[in-house]
Amino acid sequence: ETGVTQTPRHLVMGMTNKKSLKCEQHLGHNAMYWYKQSAKKPLELMFVYSLEERVENNSVPSRFSPECPNSSHLFLHLHTLQPEDSALYLCASSQDNAMNTEAFFGQGTRLTVV
Amino acid sequence: AQSVTQLGSHVSVSEGALVLLRCNYSSSVPPYLFWYVQYPNQGLQLLLKYTTGATLVKGINGFEAEFKKSETSFHLTKPSAHMSDAAEYFCAVGGLNQAGTALIFGKGTTLSVSS
Chain A
1 ETGVTQTPRH LVMGMTNKKS LKCEQHLGHN AMYWYKQSAK KPLELMFVYS
51 LEERVENNSV PSRFSPECPN SSHLFLHLHT LQPEDSALYL CASSQDNAMN
101 TEAFFGQGTR LTVV
Chain B
115 AQSVTQLGSH VSVSEGALVL LRCNYSSSVP PYLFWYVQYP NQGLQLLLKY
165 TTGATLVKGI NGFEAEFKKS ETSFHLTKPS AHMSDAAEYF CAVGGLNQAG
215 TALIFGKGTT LSVSS
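Those protein sequences? They're chains A and B, same order as listed. Here the first sequence stands for residues 1 to 114, numbered as in my numbering. Here the second sequence stands for residues 115 to 229, numbered as in my numbering.
Please keep in mind that the hints were generated in silico from the structure rather than gathered at the bench. Note that this is a predicted model, so its numbers are computed, not measured. Check before you lean on any hint, since a few could be wrong.
Incomplete in silico selection of chain B near chain A, CB under 7 Å [as the list claims (entries may be wrong)]: (1) LEU158; (2) THR165; (3) GLN212.
Beta carbons are placed, not taken as given, at the ideal position from N, Cα and C, and that holds for glycine.
All chains, please: the whole structure from these sequences, using the hints.
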């Protein structure tokens with residue numbers, strides 16, 4: 001496989017469930033990202049990992065918990081979500097997280113919270 | 115802080131017509147600008163980027179964009195639209211926000227192409 005791969009592609013979960021989104025990149029990149037894409041809103045940057053270290057972001061609710069065990073893998077752990085959390089969750093990677101570096105995106109996980 | 119504004123959430127053109135998608139940026143430092151395209155049920159794909167040097171940037175699929183510092187703009191154009199160009203287009207700037215350093219995106223413009 002090449003590029004950035006996200007699994008699952010679709011996920012339906014209840015508000016009391018716990019689930020995880022997985023992202024894997026085969027590009028040798030050192031930075032990985034989670035974005036949330038909701039209808040009628042700009043892509044929202046949720047988390048940034050650079051060299052497996054995360055910048056703290058207190059604007060994202062604690063029901064979203066990221067994990068980056070190595071430079072190739074990124075997870076987003078979900079628990080006690082709300083219906084408004086339904087969205088397309090996109091993972092991306094880049095060579096580094098300098099401002100002039102393009103990001104490569106996965107196809108996304110379409111999450112529906114019921 | 116950096117940000118981008120895309121003017122027009124929806125643009126409709128006829129096949130063979132000029133495509134013009136507008137993007138204005140705000141940045142306190144020299145900006146790094148990007149255009150991405152998203153087809154239905156897909157992730158985002160890079161069309162082109164401006165970092166330094168030539169202000170007219172050519173990308174894939176016949177698209178190009180011109181960086182105009184005096185107008186703080188980075189509009190995307192294509193001389194002749196194809197049906198396959200129908201998609202959502204996002205302008206982005208390399209920036210820093212509370213989540214860290216990453217691409218900061220506009221709201222997107224949906225391009226429709228009619229025959």
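Status of the hints after comparison with the structure:
1. Against a cut-off of 7 Å between C-beta atoms, the interface hint on B:LEU158 holds, since the closest Cβ of chain A lies about 4 Å away.
2. At its closest, the beta carbon of B:THR165 sits 4 Å from a beta carbon of chain A; the interface hint therefore holds under the 7 Å criterion.
3. Among the interface hints, the one on B:GLN212 holds; its C-beta lies about 5 Å from the nearest C-beta in chain A, closer than the 7 Å criterion.
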